[in-house]
Amino acid sequence: MPASGPTLSVAVHRGTSDGSTLRVDHFTVPAHDSQTVLDVVTWIQQNADATLTYRFACRVGMCGSCAMTVNGVARWTCRTHVSKVIRDGRLEIGPLRNLPVIKDLAVDMDPFFDKWAAAGGSHAPTATRYDPVVDIDPQAPERVAANAGIECINCSVCYASCDTVAGNPAYLGPAALNRAWTLVNDLKHADTKGVLDVVSGSGGCHNCHSIGSCTALCPNELDPLSSIAGLKRATTRRAFRGR
Amino acid sequence: MRLAQRSQPLWLAHVLHRLSGLGLALFLPLHFYVLGMAMSQPERLDGFLHWSEAPMVKLAEFGLVFLLAVHLFGGLRLLVLEFLPWPAPHKTLAAGAVAGAALVSGLFLLNAV
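Chains as they are written, first to last, in the numbering used here: chain A, 148 to 390; chain B, 2 to 114.
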């Protein structure tokens, strides 16, 4: 479809992780007000190249499935306005870093979620459904600390932005450790010791170099850097107590 | 694709801390080697001390003090970041107080030398 009116020059990274088909395709896309990066990718797929592969679902910043690298920064594309990120009329869109590419802009999220599980991310209940509901004071310091980290949508922007993950693939990464910190502070979590065991092991929180890209770029404005610092304090305190 | 995320200040602080640490790591063995000369080869040490009076070496000492200061404050920054669970505004105030104190005492230091 020929574009009339203002346009965007868009470069899209294509191919798969094995590298054999890697290339950059260039598209001219009609520019609109309030246009998001996901709108641009969708226009390309619907009007220019139907073979372009990408992933999205909710389009409102809740599902965490549409994250991509936009002009060198990992972002949730559905809530990223083109006008905020465009440079010299150009957009460069690629897959997330630090994850294997399935095809084009869709990455394999398995390593990301495997690390959630590896960091002790499953909830271990302290009571059964037959027990009375335990009151939790919403103002309790532990609950306040947990609340600060629970709005993660698993978009993997922090994981893709983490230079420590890039240098050490065994590192659990900011999202998994942020989840672990919420569980350490969850008064209804039965296995705090288990969480601290795994996050203090190899690949755990002490790998973090506190570069802080996770906190700087989290689209939900969470603070994984501080969560990981909390884990470092908790595991260090535990080591000094000899437990 | 250029990683534009790396233009954030915390990333630069990280790199500066690493590079200053590397610089110091390269300097220290040399430093101990020269100190060791006092025991084993005093004449060579005297020769070296004479050489170290050269203007370029004096200038390089400024670089060394810079590396030490950057690495020291970079390390303090990490300790505060990771081991002081204070609210962010408190940390900002504390860091501002340290910076202000360093500035004032630095000015007095400049007058003293």
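Worth flagging that the hints you see were computed from the coordinates, not collected in a lab.
Check before you lean on any hint, since a few could be wrong.
[Unchecked claim] Covered stretches of chain B (chain A as the covering partner; in silico rule of three or more C-beta atoms under 8 Å from a C-beta of chain A):
#: 1; segment: 5 to 18
#: 2; segment: 74 to 85
[To be verified] Derived coverage of chain A by chain B (criterion: at least 3 residues anywhere in the stretch with Cβ under 8 Å from a Cβ of chain B; other residues may be distant):
#: 3; segment: 350 to 364
#: 4; segment: 377 to 384
Note that CB positions come from ideal geometry on N, CA and C, so glycine has one too.
Hints versus structure:
1. Coverage of the segment 5 to 18 of chain B by chain A holds [criterion: at least 3 residues with CB-CB distance below 8 Å; count 7].
2. Against chain A, the segment 74 to 85 of chain B contributes 4 residues with a C-beta closer than 8 Å to a partner C-beta. That satisfies the three-residue criterion, and the hint holds.
3. Counting residues of the segment 350 to 364 of chain A whose beta carbon lies closer than 8 Å to any beta carbon of chain B gives 7, which reaches the threshold of three, so the coverage claim holds.
4. By the rule of at least three residues with a Cβ nearer than 8 Å to a Cβ of chain B, the coverage given for the segment 377 to 384 of chain A holds, with 4 such residues.
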